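If you want the building blocks of each chain, they are given just below.
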Amino acid sequence: MTIAATIFRPYSQSDSLRSDRSAGDRQRHRQKVRESIRDNIADLVAEESIIGKEKDKIIKVPIRGVKEYRFIYGENTPGVGQGDGNSQPGQVIGKGEQEGQGQGDEKAGDQAGVDYYETDVTLEELIEIMFEDLELPDMERKILREVLSERLSKRKGYRRAGIRIRLDKKRTAISRIKRRLAVQRREEIEEWDDEERFPFHQDDMRYRHLVTDVRPESNAVVICIMDTSGSMDTMKKYLARSFFFLLYQFVSTKYRNVELVFVAHHTEGREVTEEEFFHKGESGGTFISSGYTKALDIIQERYHPSVWNVYAFHCSDGDNFESDNPTALKAAKQLCDLCNLFGYGEIKPLGSRYYESSMLNIFRRLEAENFQTVLIERKEDIWPSFKAFLARERPKEATVTASA
Amino acid sequence: MADWDVKDLEYWDERIREKVEEFGLTCYPQEFEICDHFQMLGYMAYSGMPSHYPHWSYGKSYEKLKTMYDYGVSGLPYEMVINSSPALAYLMRDNSLCLQILTVAHVYGHNDFFRNNFTFKSTRAELTLNLFKIHADRVRSYAEDPSIGTEKIEAILDAAHALAIQCRRNLAIKKLSREEERRQMLAASQPTYDPFQRIHKRQDYIPPDIQKVPLSPEEDLLLFIRDHNPYLSEWERDLLTIVHEREQYFIPQIETKIMNEGWASYWHREILNSLNLPQELHLEFLVRHNQVVRPHPRGLNPYHIGLKLWDDIKRRHDNPTPEEIEKYGKPTKTGTQAIFEARDVDRDVSFLRRFLTEELMREMDMFQYEPRGEEIVISKVSDKESWREVKEMLLKSVGMGSIPVIKIEDADHSHNRILYTKHYHDGRDLQLEYAERTLAYLQRLWGHEVILETVVNGKKVLLSYNDKGFSTKPLK
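So the protein lines, in turn, are chains A and B. Residue numbering for the first sequence follows the working numbering, starting at 1 and increasing by one per position. Residue numbering for the second sequence follows the working numbering, starting at 1001 and increasing by one per position.
The following block holds chain A by itself, in its conformation from the complex (with noise of 0.2 Å):
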């Protein structure tokens, strides 16, 4: 039989350029991840493997919302493979996840095979999604504070008059040259005698300009006070653990220098590391005041609040002695006059001893915009109260005052 004439229709890079098409479903994809992401989130902030890492770790975060489901066979379904001549009964050919690709791998186009889905991000990026969904409207229009300071640095343009110190010698040199071909034509000489002088002027001087630069400071400081009383156990300090941690990574999102001071206080409070902090238990009763007075001499001695954002939180069980909570409120107070933001969390696991003192109703009479009392029961309420912790931070007003 003859056949039709073939057609041959010819490569054209404006059909290439114009032919996007795909834009946008891929947009509409990208979409579902970063939903699927923020859907998990609460998820993910109580996975203990993402407290506490380096901001270039890349986690896994399972995708659920944009896994496209079927009716498939399990995982345990037998299936036929080629070998290369030599296949034994009983020879091991991979491992677990790998089945579903190996018989997939070529079959990919048609079918839909085994959808696994997962994408990897950096911590970065999921704390950027993170807070980027922070439902938090007073957020983004508030300017965060920032504290100007005055730099005496930066160069900008010349000048003829200035002190000796700044003069520019190229520059001098080259404007006298100039002056003398200004010379030279005017009077009409061929030849310039290279033996006469022709010395600098006051007009040939070129001094460097320098202007004050003023910037803003962009350093804040987080305080992270715990009890570290002996009924602080390993669950309570996981719970505050991950609060510092979101509290961390949120102010770095906002500061270009952020530091972490740890206050440990049990009857006294003390400045420790990290590590100490987490993993150091003391035995004892609470002051919680003391926790609160080391904070408060911390920062009057590094972190004055005219060059530094002042971040505070404090994470408790809530025991303390009675006789300590009129001091405790009077330094809370004294903490939010220089906080940015000053935070009580009291953590009570579910299922731990209730005890009947309790600083959240000690607190309540503390009225100052910027403070915020949480309650953390489980691992899942540290999402939901680490953005109730933020809502307070402190309007703009307030800041100025403080800082002038």
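No lab work stands behind these hints: they were computed from the structure. Misleading hints may appear alongside valid ones.
Claimed, not checked - Taking lysine to aspartate or glutamate and the EDC-like style, the derived pairs with C-alpha atoms no more than 16 Å apart in a straight line are:
id: 1; chain 1: B; residue 1: LYS1064; chain 2: A; residue 2: ASP84
id: 2; chain 1: A; residue 1: LYS67; chain 2: B; residue 2: GLU1358
id: 3; chain 1: A; residue 1: LYS32; chain 2: B; residue 2: ASP1158
id: 4; chain 1: A; residue 1: LYS32; chain 2: B; residue 2: GLU1154
id: 5; chain 1: B; residue 1: LYS1066; chain 2: A; residue 2: ASP20
id: 6; chain 1: A; residue 1: LYS32; chain 2: B; residue 2: GLU1151
id: 7; chain 1: B; residue 1: LYS1391; chain 2: B; residue 2: GLU1436
Keep in mind it's a predicted model, so treat the numbers as computed, not measured.
On the provided structure of chain A, position chain B as indicated by the hints.
Here is chain B on its own, set in the frame of chain A:
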């Protein structure tokens, strides 16, 4: 950058077509489009269709393909051809002349297969491109409709995509209308003639339930829901139809992957060998050809298996060995007759069942694997004792065999409009997480509780999904 232009292609195409006719292949008219790799990725994401309705899953597939391509995990295919009339094929701009010649020949092989194999008879090739275009236009018009919009469409499409492949497997068998089915049931319920009825106890007449919906278990989930869920609106029904028709178009390709790729590889080899290619082109051809048809260790390369089988059929008919004559009888057809006949009447399952011999399985070292604990272990090889079992397993997993069979048994279960479906278990359990999610989609479309009967670890279970969520219970 390429060592050819369209003139070269036309020259070689002319010569290839002479061979195509000489060998007796009968093709649709052919069109080639030359594209760059971005366009190729784009076409691949949309199964080669020049127009296709939008859905995020195609964006996902594009990203996946692109990532694999960028990281060198997989290259791009040399060619892509879609079953339509005229057949549309894409050639990569950056490929060498030799690859283009090979590809053109390969494409004619596919084209001939599309035109002649029985499974493709139900896809109306001359309408394909228009059909997809019309579908795309309709979906877009719904998206623009202010009372519908993209999100609602997505909800239906997501669910429909999950279920689309649960459809009739053999489109060559006529689907009976309800009336025809009822008549058949009534006829079947009549007592059979019994020559000894005088001494036998009279058989009880059990009247068939002709009111039941569906009368016999129904495989076409989407169409059934379209026709039996009165709460769907018109555009929702239309989306179900669109997705169903799209899937129907691809089923023949799923069903004939091995045959089709083998056939195209067989003919591109025959054609190129007969073209008297200049030596350097011929050498490159040999290299490329072997790359395409080499076995994939531990996997199954359809190009390899398909080509092996076609070669073997031809050889066994033309030059059978004495043992083969003894075992399979004297061939009654020539090799060419035999392969052309198989091209017309087989699909992968029947093709392998008929032509995959014990010797060939041993030669290709086919084995059966199964997971044991963490590892995947070869459980059987194609030796004297177990080659049949290996073959059975292979037949189970090719084509639509890799898709679980799920049928609708009752649309009004316990007189409560519960959709009762059943998984026809053949030894392979369902992946339960996927089953749960897919059931949720089924419930979304049905609008009411759905139940799936299946077997998990040897025990019958009912999975159900209603507005309260997912639940399982053992079936007594």
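Against the structure, the hints come out as follows:
no.: 1; hint: B:LYS1064 to A:ASP84; in the structure: violated, 30 Å
no.: 2; hint: A:LYS67 to B:GLU1358; in the structure: violated, 40 Å
no.: 3; hint: A:LYS32 to B:ASP1158; in the structure: holds, 13 Å
no.: 4; hint: A:LYS32 to B:GLU1154; in the structure: holds, 12 Å
no.: 5; hint: B:LYS1066 to A:ASP20; in the structure: holds, 13 Å
no.: 6; hint: A:LYS32 to B:GLU1151; in the structure: holds, 12 Å
no.: 7; hint: B:LYS1391 to B:GLU1436; in the structure: violated, 31 Å
Figure legend: structure checked against the earlier numbered hints; hints not met, in rising order: 1, 2, 7.
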